[in-house]
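Chemist: Single-letter residue listing:
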Amino acid sequence: MALNVQPAVQARAQDGKPIINDFTIVAATKNGTGSQTSNNVLVMSLFRMGIPVNGKNLFPSNIKGLPTWYSIRASKDGYVARPAHNDIAVVMNPETADEDIQKLPSGGVCIIPQGSTAARRDDVIFYDIPVDALVKESGVNADLRERVANMVYVGAVAYLFEIPLDVIWQVLLDNFSGKEKPAKINYDMVTRAYEWTKANITKQDPFKYEPIPGGNAGKIVITGNEAGGLGALFGGVQVVAWYPITPSTSLIDAMFENQGIRKDPETGKNTIAIMQAEDEIAAIGAIIGAGWAGARSMTSTSGPGISLMGEFAGLAYFAEIPCVVWDVTRIGPSTGLPTRTGQGDLIQLYTLSHGDTHHIVLIPSSVKEAFEFGWRAQDIAELYQTIVFVMSDLDLGMNNWMSDPFDYPDQPLNRGKTLDLESLTAFLAEKGEWYRYKDYDGDGIPYRTIPGIDHPKAAYFTRGTGHTERATYSERSEDWVANLSRIKRKINNARTELPQPVVMGDGQARVGILSYGTNDPAIIEARDYLAAQGIPTDYMRIRALPLSPDVQQFIDSHERVYLLENNFDAQMAHIIRGETDKDTRHMKALALGDSMPMTAKWIVDQITESEGK
Amino acid sequence: MPPVAKTNALGLSREEYKGVKSTLCPGCGHDSISNQIISAMYDLGINQHNLIKLSGIGCSSKTPAYFLGRAHSFNSVHGRMPSVATGATLANRNLFAIGVSGDGDTGSIGMGQFKHLVRRNVPMVYIIENNGVYGLTKGQFSATSDAGQVLKYYGKNELPAIDLCLEAIVGGATFVARSFSGDAKQAQTLIKAAMSHRGTAVVDIISPCVTFNNNPGSNKSYDYGKENEIPIHEITYYERGAVPDREEITIEGDYDVITVELHDGSHVRMKKAGRDHDPRSRAQAITLLEKAQIEQEFITGLIYYEEPRPTLADTLNITDVPLVHLPDDKLRPSKDALLTLMESYK
Chain A
1 MALNVQPAVQ ARAQDGKPII NDFTIVAATK NGTGSQTSNN VLVMSLFRMG
51 IPVNGKNLFP SNIKGLPTWY SIRASKDGYV ARPAHNDIAV VMNPETADED
101 IQKLPSGGVC IIPQGSTAAR RDDVIFYDIP VDALVKESGV NADLRERVAN
151 MVYVGAVAYL FEIPLDVIWQ VLLDNFSGKE KPAKINYDMV TRAYEWTKAN
201 ITKQDPFKYE PIPGGNAGKI VITGNEAGGL GALFGGVQVV AWYPITPSTS
251 LIDAMFENQG IRKDPETGKN TIAIMQAEDE IAAIGAIIGA GWAGARSMTS
301 TSGPGISLMG EFAGLAYFAE IPCVVWDVTR IGPSTGLPTR TGQGDLIQLY
351 TLSHGDTHHI VLIPSSVKEA FEFGWRAQDI AELYQTIVFV MSDLDLGMNN
401 WMSDPFDYPD QPLNRGKTLD LESLTAFLAE KGEWYRYKDY DGDGIPYRTI
451 PGIDHPKAAY FTRGTGHTER ATYSERSEDW VANLSRIKRK INNARTELPQ
501 PVVMGDGQAR VGILSYGTND PAIIEARDYL AAQGIPTDYM RIRALPLSPD
551 VQQFIDSHER VYLLENNFDA QMAHIIRGET DKDTRHMKAL ALGDSMPMTA
601 KWIVDQITES EGK
Chain B
1001 MPPVAKTNAL GLSREEYKGV KSTLCPGCGH DSISNQIISA MYDLGINQHN
1051 LIKLSGIGCS SKTPAYFLGR AHSFNSVHGR MPSVATGATL ANRNLFAIGV
1101 SGDGDTGSIG MGQFKHLVRR NVPMVYIIEN NGVYGLTKGQ FSATSDAGQV
1151 LKYYGKNELP AIDLCLEAIV GGATFVARSF SGDAKQAQTL IKAAMSHRGT
1201 AVVDIISPCV TFNNNPGSNK SYDYGKENEI PIHEITYYER GAVPDREEIT
1251 IEGDYDVITV ELHDGSHVRM KKAGRDHDPR SRAQAITLLE KAQIEQEFIT
1301 GLIYYEEPRP TLADTLNITD VPLVHLPDDK LRPSKDALLT LMESYK
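Residue numbers (this note's numbering), protein chains in the order written: chain A, 1 to 613; chain B, 1001 to 1346.
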């Protein structure tokens, strides 16, 4: 029997009791009609009422006209994963109205413009709102009508489910940076719809929001891309080169918007160069050049851009040049679905390029971690003198997430083994020599100089071709093997130093869940349902490649392990099995890869079926 | 007393500007260019630690190993040296950058990056060692091979040649020159002038490939160059402080000598020779190159010069202090900055 993860509306509303702070609204609109403002207003209003909330934007690869859906989940239990279904649909787009109504559960609610010809259902509550008439009555300019029309549903929702108008007003003001005029135009529409609904609609559904005093206190709402971009700014990144690609663009936008915190107060000039490149190849070329010259550097892209960066990634690995590449993944192959999510870039990132490369990959699962990895990746790149990837995804990157405020970096900038004039002179005095690729410390990490050091022995020749530890050209097999072995040692040493897996559970469960990245919220929710159903689980979330030894230990110490991934081919399973000679037959890969964020229901269904419950 | 080795202003001998021994074919035009770079840098008294050498892939791109052994160098990937140079010079705007590329590296795989480099005005000397053929892969036509040319394995080239000087001008370059590796004096002079320019200075040097493209039918051979080179001016470089004779006649279209003051205070003096050409005119420069291509004329010299536009570092408004020299406290915003930001997301 499959667990009923989200029981039908009737089941939840027994005895006519209301369903409070535990339902999902989806707004079905057309892209480019300003509905994003309406949706943000709803999300932020709920947030400020203290209710745990998460907004997810399911949008088309289009600027204007195609269908878009925005779901707003309120969860008294604090669950923020994508729900398996929506309880309430605001059906503003006639093109998708039939489908949107069809998808509602029995007992669900549909808010729909008066005059809609969409097919009705007997088991759904319909509230017909005169959208056109309300907009017309408002007297708003013709060019603004389409945009404010979406404020009508904000007003209707506010009345029906009890969002205080003063909260909405404050959110609108903040949304327009304190400018009263645009806020007022929108608010006027909200109140008109609110009043009309109050006067004309009889509420028949059980849903309502209730403020939670002190709820969400101190919390912030932010996207993963903003978090990552801010993290990089606090990581001291000096050179950024990038090429626009959905869904990574807003990461760089956030850096531009906040560039002010990186202005030199004395001169007013930027301490960071942000350059839009002509393509992704030039973007990574520029950050490798910058890293080589001693700057902290980064780019941000998505899968297709990563594909283009392959050759340069191998150079950075082999010539040992620090730089950071953010991959805000979408789903492939090819152009794929540019506005949908997935974890299909994992193997590509781990082994990118045409040779024996194994790259460091950091995998954040939350906005807080996106910020942390934003600055930490810069330290790791310089520490290991290599390219570091950060694999985020569209779900984390482009959606709004509640979070505790971010922690300030707990350690100073770590520049690794970078020699300046003073330290080079001391090094030469102590060792009598300095060779760029020689392993002086036994950890595989050599010492590097950067251009500009006024010392006759400071320079070396950087190349992607075979080289000796003295950085001279070599085609000798021995040199090749020695060099690659040292680099491999360096990267392998990172296994215990990179962000280690996070474990939830007491370690006593027979069933282990293994996963990574943004499957996290769905797994957290699913574990509660599973436990209630008699399947307690331990959960390990991997945060970096190469894998920590703890991962194998977790697999070994559980009778059955479910490896949850949001890609088609179970890529992490390939990596795990490729790096162990132990028996992992008790680990079952559950790979989704359907272009959408994972739901708790999918996880619960998969695991209960497999567990025979 | 043994003879004292001649030294430059820094007290260094020319020997100290050399690199490792070349592994190119004996007689390669590229080695001659390396020698001119060595001489130019020695004469200018360039501090090698303030200079970086960059290259892509190909015969030409191997050469940075053969000159200026005390400078950091980066042999990157095919056609993508411009982006590496862009990042490196943003990281440290005080560095002199010399890029060495070839006709394949620039004109085919790297055309996009080349054009965006000049468009952004990345401050560097960009030398193209142009032999009209792929050497390391044994003799394929390149994008600068002339139409109708015949090569042993590949037959007749049916496609028109791309003129990289023309591409540079159209792309927004402010210093564009062509030379011939068999004309050592001119090549060296143009390299010196290029080093004094602020912005991307493109020097396209026709450099014979002795193995694959030095045959009688080639117009990038030594013999062809020696017989057909038309230097448009007699060009002289004057270091800062060495003010040249003021002979300039400013009347448009009627002059004998043009003197241009370069960014670092040095001067280039051009005395009319093979062509009536004012390099300060973009229209004249484009016409000169198009005509030369149609009439198969091998013109050399400073083809185009304009007052430099802001460099990329200026466009991006980064600090005058090189980014890599900024202390950590200027790179990581304060705790208060984070707190303020966090408030704005509540």
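These aren't lab readings, by the way, just hints derived from the structure by calculation. As the structure is a computational prediction, the values presented were derived from the model and not from experiment. Where a beta carbon is used, it is the ideal one built from N, C-alpha and C, also for glycine. Heads up, a few of these hints could be off.
What follows is a set of in silico ranges between Cβ atoms, one per label pair, in the way DEER data are often shown [to be verified]: (1) A:Leu337 with B:Val1170: 32 to 40 Å; (2) A:Arg585 with B:Gln1140: 47 to 55 Å; (3) A:Ser423 with B:Lys1006: 51 to 59 Å; (4) B:Ser1344 with A:Arg510: 42 to 50 Å.
Heads up, simulated DSS-like pairs for lysine-lysine below, C-alpha to C-alpha not over 27 Å straight-line [what the hints assert, rightly or not]: (5) B:Lys1346 with A:Lys76; (6) A:Lys438 with B:Lys1021; (7) B:Lys1291 with A:Lys263; (8) A:Lys457 with A:Lys438; (9) B:Lys1185 with B:Lys1346; (10) A:Lys263 with B:Lys1018; (11) A:Lys417 with B:Lys1346; (12) B:Lys1335 with A:Lys438; (13) A:Lys457 with B:Lys1185; (14) B:Lys1335 with A:Lys269; (15) A:Lys457 with B:Lys1335; (16) A:Lys368 with B:Lys1006; (17) A:Lys64 with A:Lys76; (18) B:Lys1335 with A:Lys368; (19) B:Lys1018 with A:Lys219.
Chemist: Against this structure, judge whether each hint is valid.
Modeler: Quick rundown of the hints versus the structure:
1. Taken as a hint, the range 32 to 40 Å holds for the pair A:Leu337 and B:Val1170, whose Cβ atoms sit roughly 38 Å apart.
2. Distance hint check: the CB atoms of A:Arg585 and B:Gln1140 are about 52 Å apart, consistent with the given range 47 to 55 Å.
3. Distance hint for A:Ser423 and B:Lys1006: a CB-CB separation of about 35 Å, inconsistent with the stated range 51 to 59 Å.
4. Hint check: B:Ser1344 to A:Arg510, Cβ distance near 46 Å, so the stated range 42 to 50 Å holds.
5. A distance of roughly 19 Å separates the Cα atoms of B:Lys1346 and A:Lys76; the hinted pair therefore holds under the 27 Å criterion.
6. For the hint pairing A:Lys438 with B:Lys1021, the CA-to-CA distance comes to about 23 Å; that is within 27 Å, so the pair holds.
7. At roughly 49 Å between alpha-carbon atoms, B:Lys1291 and A:Lys263 are farther apart than 27 Å, so this suggested pair is violated.
8. Between A:Lys457 and A:Lys438 the CA atoms are separated by roughly 15 Å; this keeps the pair inside 27 Å, and the hint holds.
9. For the hint pairing B:Lys1185 with B:Lys1346, the CA-to-CA distance comes to about 68 Å; that exceeds 27 Å, so the pair is violated.
10. For the proposed pair A:Lys263 and B:Lys1018, the alpha carbon gap of about 41 Å is over 27 Å, so the pair is violated.
11. A C-alpha spacing of about 40 Å is found between A:Lys417 and B:Lys1346, which places the hinted pair above 27 Å, so the restraint is violated.
12. Under the criterion of a C-alpha separation no larger than 27 Å, the hint pairing B:Lys1335 with A:Lys438 is inconsistent with the structure, at around 39 Å.
13. For the hint linking A:Lys457 to B:Lys1185, the alpha-carbon distance of about 31 Å lies beyond 27 Å, and the restraint is violated.
14. Only pairs whose Cα atoms come within 27 Å are accepted, and B:Lys1335 paired with A:Lys269 is accepted, the gap being roughly 21 Å.
15. Between the alpha carbons of A:Lys457 and B:Lys1335 the distance comes to roughly 40 Å, so the proposed pair goes past 27 Å and is violated.
16. Note on A:Lys368 and B:Lys1006: the hinted pairing is violated, with a Cα-Cα distance of about 63 Å set against a maximum of 27 Å.
17. In summary, the hint linking A:Lys64 to A:Lys76 is not supported, as the alpha carbons are separated by about 35 Å, beyond the 27 Å threshold.
18. As the CA atoms of B:Lys1335 and A:Lys368 are separated by approximately 16 Å, the hinted pair is consistent with the 27 Å bound.
19. Straight-line distance between C-alpha atoms of B:Lys1018 and A:Lys219 comes to about 62 Å, which puts the hinted pair past the 27 Å bound.
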